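2 protein chains.
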Amino acid sequence: MERNFTLLTDFYELTMMQGYLKSGKHQERVIFDMFYRKNPCGNGFAICCGLEQVVEYIRNLNFSEEDIDYLRSLGTFDEDFIEYLRGFHFTGDIYAIPEGTVVFPKEPLIKVIAPVIEAQLVETAILNLVNHQSLIATKAYRVVHAAQGDGVMEFGLRRAQGPDAGIYGARAAVIAGCIGTSNVYAGQKFRVPVLGTHAHSWIMSFPTELEAFKAYARLYPNNCILLVDTYDTLKSGVKNAILCYDAMKEEGITLKRFGIRLDSGDLAYLSKKARKMLDEAGYPDAIISASNDLDENLIASLKAQGACITSWGVGTNLITSESQPSFGGVYKLAATYSDEGQWVPKIKLSENSEKITNPGNKQIYRIIEKDSGKVFADYIALEEERFSEAEDLVLFDPIDTWKKSTLKGGSYEMRPLLVPIFLGGKLVYNCPSVEEIKAHCKKEQESLWEECRRLTNPHAVHVDLSDKLYEMKKQLLTQYSRGE
Amino acid sequence: MERNFTLLTDFYELTMMQGYLKSGKHQERVIFDMFYRKNPCGNGFAICCGLEQVVEYIRNLNFSEEDIDYLRSLGTFDEDFIEYLRGFHFTGDIYAIPEGTVVFPKEPLIKVIAPVIEAQLVETAILNLVNHQSLIATKAYRVVHAAQGDGVMEFGLRRAQGPDAGIYGARAAVIAGCIGTSNVYAGQKFRVPVLGTHAHSWIMSFPTELEAFKAYARLYPNNCILLVDTYDTLKSGVKNAILCYDAMKEEGITLKRFGIRLDSGDLAYLSKKARKMLDEAGYPDAIISASNDLDENLIASLKAQGACITSWGVGTNLITSESQPSFGGVYKLAATYSDEGQWVPKIKLSENSEKITNPGNKQIYRIIEKDSGKVFADYIALEEERFSEAEDLVLFDPIDTWKKSTLKGGSYEMRPLLVPIFLGGKLVYNCPSVEEIKAHCKKEQESLWEECRRLTNPHAVHVDLSDKLYEMKKQLLTQYSRGE
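The listed protein sequences correspond, in order, to chains Z and A. Each residue of the first sequence is one higher than the one before, counting from 1038 in this note's numbering. Each residue of the second sequence is one higher than the one before, counting from 1038 in this note's numbering.
In case anyone wonders, no lab produced these hints; they're calculated from the structure. Any given hint could be a false lead.
When the alpha-carbon atoms are kept at most 16 Å apart in a straight line, the in silico EDC-like pairs for lysine to aspartate or glutamate are as follows [what the hints assert, rightly or not]:
#1 A:Lys1226 <-> Z:Asp1322
#2 Z:Lys1293 <-> Z:Asp1303
#3 Z:Lys1059 <-> A:Glu1102
#4 A:Lys1445 <-> A:Glu1426
#5 Z:Lys1226 <-> A:Glu1102
Anything over 10 Å on all C-beta distances counts as not near chain Z; from chain A, calculated [to be verified]:
#6 Arg1096
#7 Leu1111
#8 Ile1119
#9 Val1153
#10 Leu1172
#11 Asp1187
#12 Lys1310
#13 Ala1337
#14 Leu1464
#15 Glu1483
Quick caveat, the model's predicted, so the values are computed rather than measured. Here a beta-carbon is modelled for each residue, glycine too, at the ideal position from N, C-alpha and C.
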């Protein structure tokens, strides 16, 4: 059963909505773009995520009687507005970039075209949902990339910022490449693998570590990863793990997937020593997994040190995106509709020119080089513009406009990224499953050059503007600077 | 209607539960302590928060048929265990420190006494709920403290890590001292003030800034805070705000609470210039509020620079606790029950001695000096110990045991912090309202010396152990180091 998040909005959205109604302009159509300005955590891109939850949110939008009573009790809203809210539902269009797609700064991830009173209401929840999951997906990509093909498990529920942060964070982490989550609720909701074995308390509730290990191995011979640091990792834990494997052999129990988990201490040193002990005892197949405040930097460092770890459990730093815990997506007015039936582009100025918005009704094209299959650039154009892949395409940097490159007709593909999700308030999009999004995300990651995927100082993918959009923007800037 | 979070748990809790059942020890009573090791964000204390949500969670604990079907589908659990889950409910005792109380490292905030199979299940959700809200309450305290009595509004929903992070984060922020939140859902759910006026899009949807201001002022004369940075803060925004106030006077509209909001640029400079313009125009009562990536350090710096701001909207950095986005609470086994009907203390060792746990069934006492009314120290003792305030109390540092201080009998009060919440699975506690918790939290903050409340290098409040608890711990450590 889905929650109704109609009131999951900032109070000012409601005061503005009443203002639009009172000013008689509430039915004027507008375009809002949801976009972000800077890739999180120093990454070379972001992974957009959270659209399915936006779809659920929009579909469930309606003010219950309880909501109405509450709003009335605030003393800010009058009965005309309350009456309007009673019949409220979303009637507009929403275009979005499908989840799992790699995206870049300043590109609209979501475009809302709707009467201003509706477009205003949905700002906060859209930002909340997309900011959160895009952040965690991007962070999870970094952790998974650092693990160089080893399995990474999402283990962060206990440190997540509330239940939803754990649940939707696990979803985003799996989409970006984690092999599973410890979060059973997320496993059930999204049909993704759930993983984990036992905690220190299991060991401590038995008289000895060895007895605890043996009891566990007998119960779970198919997935018997023993936590070895309750008392002393090498002197006690690994030694007892080996005794336990030996005992299982004697008892005729075959362990299928088995090994140890290191959860404290110097993971590089301990993993090498443990590897040697396990190999010498005849268990070269024993897996060494590790947890304990890991992130992409620690994993990369452990890899560089030759740590003998091939399985990673990552909790707190992934689920909170500890190195940067917010995504910074914004929702800005891009156009209003004139009485003459035309879009009037709107721009938000700022003393910081990086913060100036792109006006108008836009589409984004991903430009892919045919011979490499890799992304060359993204290209933002006006929705009305038409292009032919047979013609040459000249791209120029929107800041340093003298920097140009020309793609020969026939040598590139142009894929529009924004697809319709709602049209006239009606859902026209089938949300893919998490497994499907994960597969799409993998392909997306592979469409980038390794230089753009690396974790430190990645090469930036250019996001260029069409001539027409660039001219429109320049004209609006000139207009405002003349004080018009 | 409340959500059922029974599956909001780590998978390993379930595999361990089945293990306890299969080992025939699932009904053995144990004690788990939820505590944390280090105050977040360099603060001198934490504010514990989230208990009401733990109470809801425990009350709703039960495996639905859908949950049962899902768990069966995983192929890990057998029918005996599934059958056990079908009738599952919590039958144990829970003790906790009431929400809004200031707390210190290593103190059990929650103590669970229950059959091991039940105590194990609830670990993850308890940690999730208490870690999140205690983090945000502590961060919010810092921001509110920096504002030196000015009102601080919680504005972070759009950047929160999912809906719950926004909703429960707003709750925690208000408990710690914020005057309200922008989050309407939280306002409805917790009956706390909701606040806010308008966004840039309001301005941009009118032909001119002045028209947008006037339309707003006519609608909301009681709370007319105008956002002045859409085009140019001083040249356009503040100037138009003044013209708007003048126009309202002419129209005979009295503005009750009115002023401006700065949302970009150099807030110290702009606020001083704006203050001068407003004063010279005859509006000394106009409020200057500010937002834009604020946190406790920026607010303290603006205060030190003499910025003319008396109202603060704090978003991203508060709602995510940007400087440290996780709380680090853990849940550790403290005792098991012997066949002879006695608690057997348990200890978790670690190479890092700071991580060694406190064993046994404990109570925490807050020691308050009668003459100042301030907190002298906290004192952790065994539950069975009895004390008299008429007698002298000798406190010693649990690390440097030669550091001692003696409190004269009659000069201090001893307040037990852990109170019963559930006994035998039955709720025995009335959760206070958010307003009541907020009032309690204010008193709690005032019970600390200012040296402990300051934001940088605060003085640490000592948490000492009773002689009996200290001896028990020493004995267990000796026992383990001898390899028993």
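Now for the hints, and whether the structure bears them out:
1. The hinted pair formed by A:Lys1226 and Z:Asp1322 fails the criterion: a straight-line CA distance of about 53 Å is larger than 16 Å.
2. With a C-alpha separation of about 28 Å, the suggested pair Z:Lys1293 and Z:Asp1303 falls outside the 16 Å cut-off, and the hint is violated.
3. Distance check on the hinted pair: Z:Lys1059 and A:Glu1102 sit about 50 Å apart at the alpha-carbon level, beyond 16 Å; violated.
4. The hinted pair formed by A:Lys1445 and A:Glu1426 meets the criterion: a straight-line CA distance of about 9 Å does not exceed 16 Å.
5. Taking the CA atoms of Z:Lys1226 and A:Glu1102, the gap is near 14 Å; set against the 16 Å cutoff, the hint holds.
6. No Cβ of chain Z comes within 10 Å of the Cβ of A:Arg1096; the nearest lies about 15 Å off, and the non-interface call holds.
7. Annotated as non-interface, A:Leu1111 brings its C-beta within 10 Å of a C-beta of chain Z; the closest such distance is 7 Å.
8. Here A:Ile1119 stays apart from chain Z, with its beta-carbon at least about 14 Å from theirs, past the 10 Å limit.
9. A cut-off of 10 Å between C-beta atoms contradicts the statement that A:Val1153 is not in contact with chain Z; the least separation is 6 Å.
10. The beta carbon of A:Leu1172 sits about 7 Å from the closest Cβ of chain Z, which is not more than 10 Å, so the claim that it is off the interface is violated.
11. Remark: the non-interface label on A:Asp1187 is consistent with the geometry, its nearest Cβ contact in chain Z lying 19 Å away (cut-off 10 Å).
12. Even its closest Cβ contact with chain Z, about 14 Å, leaves A:Lys1310 beyond 10 Å, as expected for a residue assigned away from the interface.
13. The claim that A:Ala1337 lies off the interface holds: its Cβ sits roughly 21 Å from the closest Cβ of chain Z, which is beyond the 10 Å cut-off.
14. Distance check on A:Leu1464: its Cβ is at least 20 Å (rounded) from any Cβ of chain Z, clearing the 10 Å threshold; non-interface status holds.
15. Every CB of chain Z is more than 10 Å from the CB of A:Glu1483 (nearest about 28 Å), matching its label as outside the interface.
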